[in-house]
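Just so you know, we're using our numbering here: the sequence shown kicks off at 1 and counts up by one.
Keep in mind that the hints were calculated from the coordinates and are not lab data. Check the hints yourself; a few may be wrong.
As the list claims (entries may be wrong) - The calculated label-pair distances, taken between Cβ atoms and stated as ranges, are:
id	residue 1	residue 2	range
1	19	58	20 to 28 Å
2	32	75	42 to 50 Å
3	103	83	47 to 55 Å
4	20	42	39 to 47 Å
5	90	53	26 to 34 Å
Said to hold, decoys possible - Below 27 Å or equal to it, Euclidean Cα-Cα: the simulated DSS-like pairs (lysine-lysine) are:
id	residue 1	residue 2
6	26	42
7	102	86
8	81	97
9	102	81
10	56	81
11	81	104
12	44	27
13	65	86
14	58	42
15	26	6
16	81	58
17	83	104
18	97	86
19	83	56
20	56	44
21	97	83
22	42	27
23	65	35
24	81	91
25	102	91
This one's a predicted model, so the numbers in the text were calculated from it and none came from an experiment. Backbone N, C-alpha and C define an ideal beta-carbon position, used for all residues, glycine too.
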Amino acid sequence: MKSQNKLLKGLFIGAIAGAALSLLDKKTRDDVISKSRSAFSKIKQCAENPMEIADKTKEKMNSVKRTIEQTIEDIEFVSEKVKELKETTPKVMEIMKEAKEKWKERL
């Protein structure tokens, strides 16, 4: 258990040191600041308008549901056409065979 604590402690210290070193680069620092502001802005917007987020989520879920339903309908349609094709193909082959025999008789 103690070695595990040392490992986790070492990993944590290493992560902090790595993050601190990466912030020495101005571009990285600017990116972190920009993304942090954006994240805090979104969090604030969610906290102030929870119903808006709920409505957007419901809208997305309904859209996904409609897409899934349409996909299921499309799959059922294609499946039915494949079934019809399987039933029709032997009939067509038989007709072609009969036609070939008739042509042979005429020649």
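Here is what the structure says about each hint:
Under the hint 20 to 28 Å, the C-beta atoms of residue 19 and residue 58, about 37 Å apart, miss the expected range. At roughly 46 Å, the beta-carbon separation of residue 32 and residue 75 lies within the given 42 to 50 Å, and the hint holds. For residue 103 paired with residue 83, a C-beta distance near 31 Å fails the hint of 47 to 55 Å. Checked against the hint of 39 to 47 Å, the C-beta distance between residue 20 and residue 42 comes to roughly 26 Å, which is inconsistent with it.
A hinted range of 26 to 34 Å is violated for the C-beta pair residue 90 and residue 53, which are about 57 Å apart. Restraint check: the Cα-Cα separation between residue 26 and residue 42 comes to about 24 Å, which is no more than 27 Å; the hinted pair holds. Distance hint between residue 102 and residue 86 is fulfilled; the C-alpha atoms sit about 25 Å from each other, no more than 27 Å. With a C-alpha separation of about 24 Å, the suggested pair residue 81 and residue 97 falls inside the 27 Å cut-off, and the hint holds.
Between residue 102 and residue 81 the alpha-carbon distance is near 31 Å, which puts this suggested pair outside the 27 Å criterion. Note on residue 56 and residue 81: the hinted pairing is violated, with a Cα-Cα distance of about 37 Å set against a maximum of 27 Å. Annotation: proposed proximity of residue 81 to residue 104 is violated, straight-line Cα distance about 34 Å (limit 27 Å). Between the alpha carbons of residue 44 and residue 27 the distance comes to roughly 26 Å, so the proposed pair stays at or under 27 Å and holds.
Distance hint between residue 65 and residue 86 is unfulfilled; the C-alpha atoms sit about 31 Å from each other, more than 27 Å. In summary, the hint linking residue 58 to residue 42 is supported, as the alpha carbons are separated by about 18 Å, within the 27 Å threshold. Of the pairs offered as hints, the one joining residue 26 and residue 6 is violated, with about 33 Å between alpha carbons and a cut-off of 27 Å exceeded. Our distance criterion of 27 Å between C-alpha atoms is broken by residue 81 and residue 58, whose separation comes to about 35 Å.
With a C-alpha separation of about 32 Å, the suggested pairing of residue 83 with residue 104 is violated against the 27 Å cut-off. Annotation: proposed proximity of residue 97 to residue 86 holds, straight-line Cα distance about 17 Å (limit 27 Å). A hinted pair counts as satisfied when its Cα atoms are at most 27 Å apart, and residue 83 with residue 56 does not qualify at roughly 40 Å. With a C-alpha separation of about 16 Å, the suggested pairing of residue 56 with residue 44 holds against the 27 Å cut-off.
For a cut-off of 27 Å, the pair hint linking residue 97 to residue 83 stands: about 22 Å separates their Cα positions. Distance hint between residue 42 and residue 27 is fulfilled; the C-alpha atoms sit about 22 Å from each other, no more than 27 Å. Of the pairs offered as hints, the one joining residue 65 and residue 35 is violated, with about 32 Å between alpha carbons and a cut-off of 27 Å exceeded. Distance hint between residue 81 and residue 91 is fulfilled; the C-alpha atoms sit about 15 Å from each other, no more than 27 Å.
For the suggested pair residue 102 and residue 91, the alpha carbons sit about 17 Å apart, so the restraint of at most 27 Å is met.
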